[in-house]
Amino acid sequence: LQVDLWQPSSPLHIVEGAVADVRVPQNTTRSLLPFLQKENIQYTVLISDLQQAIENQTGGRSHRNRRSLSGYNYEVYHSLEEIEDWMYYLNRTYSDLVHMFSVGKSYEGRPLYVLKLGKRSRPYKKAVWIDCGIHAREWIGPAFCQWFVKEALQTHQTDPDMRKMLTQLYFYIMPVFNVDGYHFSWTHDRFWRKTRSKNMRFHCHGVDANRNWKVKWCDEGASLHPCDDTYCGPFPESEPEVKAVAHFLRKHRKQIKAYLSFHAYAQMLLYPYSYKYATIPNFNCVESAAYNAVNALQSAYGVRYRYGPASSTLYVSSGSSMDWAYKNGIPYAFAFELRDTGHFGFLLPEMLIKPTCTETMLAVKNITLHLLKKCH
Amino acid sequence: ELSPSHFPATRAAAAALGYLRYLRGGPGRGLELRELRRARRQDIDDVGHKYYLELELEDVLDKDRTVNCTAEVLYHLGSKTSAPDVQVTVQGELRSTEEADKEFYNRIRSLEKELVAENIPDSHGNVPPELEPIHLLAWVASGYVIWQNSTENTKFHLAQVKHVKQVKRSDEDLQFDFVVLLHEMVSQEVLPWEVTLLWHPQRGAQVSQ
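Each protein sequence line maps, in turn, to chains F and X. Be aware that the first sequence starts at 1, since it is given in the UniProt record's numbering, and climbs by one per residue. Be aware that the second sequence starts at 1, since it is given in the UniProt record's numbering, and climbs by one per residue.
Treat the hints as calculated values from the structure; they're not laboratory data. Wrong hints could be hidden among the right ones.
Stated by the list, open to error - Estimated spans, in silico, between C-beta atoms of each pair:
1. X:Arg37 - F:Ser79: 36 to 44 angstroms
2. F:Asn91 - X:Leu61: 44 to 52 angstroms
3. F:Phe101 - X:Arg40: 50 to 58 angstroms
4. F:Arg23 - X:Ser110: 16 to 24 angstroms
5. F:Lys38 - X:Val116: 47 to 55 angstroms
6. F:Tyr291 - X:Val116: 45 to 53 angstroms
7. X:Asp122 - F:Arg23: 21 to 29 angstroms
8. X:Glu114 - F:Asn91: 50 to 58 angstroms
9. X:Glu189 - F:Pro8: 43 to 51 angstroms
10. X:Lys102 - F:Arg30: 30 to 38 angstroms
11. F:Leu36 - X:Lys168: 26 to 34 angstroms
12. F:Gln154 - X:Leu61: 31 to 39 angstroms
13. X:Arg37 - F:His13: 56 to 64 angstroms
14. X:Glu189 - F:Thr187: 19 to 27 angstroms
As the list claims (entries may be wrong) - So, partial list: chain F residues that the calculated Cβ filter (under 8 angstroms) puts toward chain X:
15. Tyr89
16. Phe191
17. Gly342
18. Pro349
The structure displayed is predicted, hence computed values, not measured ones. Virtual Cβ for every residue (Gly too), placed ideally from N, Cα, C.
For reference, chain F alone in the conformation it holds in the complex (with noise of 0.2 angstroms):
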């Protein structure tokens, strides 16, 4: 049995009742650690998985290789200029298939950037609108919007679901709705939520960009207060964000057939209302392609997603932008809240990224391909 020594610096300085640390491959863990029992020597794991904390410690962000899709890490969370610099390389590297454009500017001057994806196979195509990052502090939001922009540009060439979807439809793309908040929890505050505009009588900043929507605006559910959480905002739309993708939504109201919005954490699929308890016009077709997109996620890993109107489910709210674009004429709006049901709550680790990811591709191609169906 050979052990490598890390601590003392030499075989020579061991002696009883000193510290010894060793290290040991994985399955050496198997005859070492009855030995040690059995001569009643006392030991502690320090570092379980080597491998793993060097990769954590030097891989992911240094790994800057932007150079290739594949090079791109999707399985760590990305600072905003990470995202806009893989935005911009997309955008050159792949332009029969991807367009970037801004709808507007952020409270703090930042530009809000959207991707367009599909083939440009026929003159007029219907288009799903996804967002992610309203609130700023669901990293698995924008992780997500990345996720599913790289499944895009990977498979639509070889999986069959993913070709149809590129070629009878566009998708419009948000990887982070709320920049401004986004940047904030990277530098700041890992727990902001709001957007970062100034309030003009109190100290204290941002609106909830799900609350500042125009639809039973600041009714129950939202606050009228700057400092909370779910501050409404001092009129629908004050926050360049929203006023800037509500515009976009409006003039594209026609050619969008769904609305997708990620945010975490509960594990929820939801749709409208969440201003009130009612039952939709089309509750048949939602509801079934709720219940089908729920089970497909669920065929991944196993994992459970409630679903429902989000009232009833969550909680109620007014002002959120699943309702708007209902309002709007919108068939399929949808919220999804991803991983997990609070064990990490927003702190996802990284290495949940990939089955996050994964499970919840399944459903949103579910939820295209049965808009593809003509059921509204």
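Starting from the known structure of chain F, fit chain X onto it as the hints suggest.
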């Protein structure tokens, strides 16, 4: 009868889970809710609302099996200051943590300098393995706070351990002063709470007032 997928039942379940973590959690045991199976609500005149819950739990250190449990959560009428009354009955045995508890206790007692740590998990969700028992003790401490502060209009989760400091004691208990961040789902606020936890392998956990 309530739908387990609707929020009134899930809020009561979160309160029950907080209580249960305080009662049965430890550095070697972290109880998580796998599923809320059934829920009923009873409105008791002049008293309050009582929820009857059937929960399926798992130990995060023993994920291959689950344990069933029933809970009763009574929210007192009109009271803003009193905690809900919670009773839980765990059906069957929870995995024994005697050895892990003893090992943890000895490890902390033999530290030369008092343990100090912060941001558990970190921004990217990482928890160093040697801090996992402290993380689980934070669940115990925050479980108490969550139970004490739950109402029918709140749903708390532990968002992060902002700071933990061990305080050496002359008696046999371990003492940890925590600053925990609790995420309240309905208001969406993330609020810091200070809570001091005493723990002993045989006597279990106690929040120090």
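For each hint, the structure was consulted:
Taking 36 to 44 angstroms as the suggested C-beta distance range, the pair Arg37 (chain X) and Ser79 (chain F) conforms, at roughly 42 angstroms. Checking the proposed 44 to 52 angstroms range against Asn91 (chain F) and Leu61 (chain X) shows it holds: the Cβ atoms sit about 46 angstroms from each other. Under the hint 50 to 58 angstroms, the C-beta atoms of Phe101 (chain F) and Arg40 (chain X), about 53 angstroms apart, fit the expected range. Taken as a hint, the range 16 to 24 angstroms holds for the pair Arg23 (chain F) and Ser110 (chain X), whose Cβ atoms sit roughly 22 angstroms apart.
Look at Lys38 (chain F) against Val116 (chain X): about 35 angstroms separates their beta carbons, and that is not inside 47 to 55 angstroms. At about 49 angstroms, the CB distance of Tyr291 (chain F) to Val116 (chain X) agrees with the hint of 45 to 53 angstroms. In this structure the supplied range 21 to 29 angstroms holds for Asp122 (chain X) paired with Arg23 (chain F), their Cβ-Cβ distance being about 24 angstroms. About 53 angstroms separates the C-beta atoms of Glu114 (chain X) and Asn91 (chain F), a value consistent with the hinted range of 50 to 58 angstroms.
A hinted range of 43 to 51 angstroms holds for the C-beta pair Glu189 (chain X) and Pro8 (chain F), which are about 50 angstroms apart. Between Lys102 (chain X) and Arg30 (chain F) the Cβ separation comes to about 23 angstroms, which falls outside the hinted range of 30 to 38 angstroms. Against the hinted window of 26 to 34 angstroms, the Cβ-Cβ separation of Leu36 (chain F) and Lys168 (chain X) comes to about 28 angstroms, which satisfies the hint. One distance hint, 31 to 39 angstroms for the beta-carbon pair Gln154 (chain F) and Leu61 (chain X), holds here, with the actual separation near 37 angstroms.
In this structure the hint that Arg37 (chain X) and His13 (chain F) lie 56 to 64 angstroms apart at CB holds, the actual value being about 58 angstroms. At roughly 21 angstroms, the beta-carbon separation of Glu189 (chain X) and Thr187 (chain F) lies within the given 19 to 27 angstroms, and the hint holds. Checking Tyr89 (chain F) against chain X by beta carbon gives a least distance of about 23 angstroms; that is not within 8 angstroms, so the hint is violated. With 8 angstroms as the threshold, the beta carbon of Phe191 (chain F) comes within range of chain X, its nearest partner Cβ sitting at about 4 angstroms, so the hint holds.
Interface hint status for Gly342 (chain F): upheld, as the beta-carbon distance to the closest one in chain X is roughly 4 angstroms, under 8 angstroms. Nearest Cβ of chain X to the Cβ of Pro349 (chain F): about 3 angstroms, under the 8 angstroms cut. The hint holds.
In summary, the numbered hints that this structure violates are 5, 10, 15.
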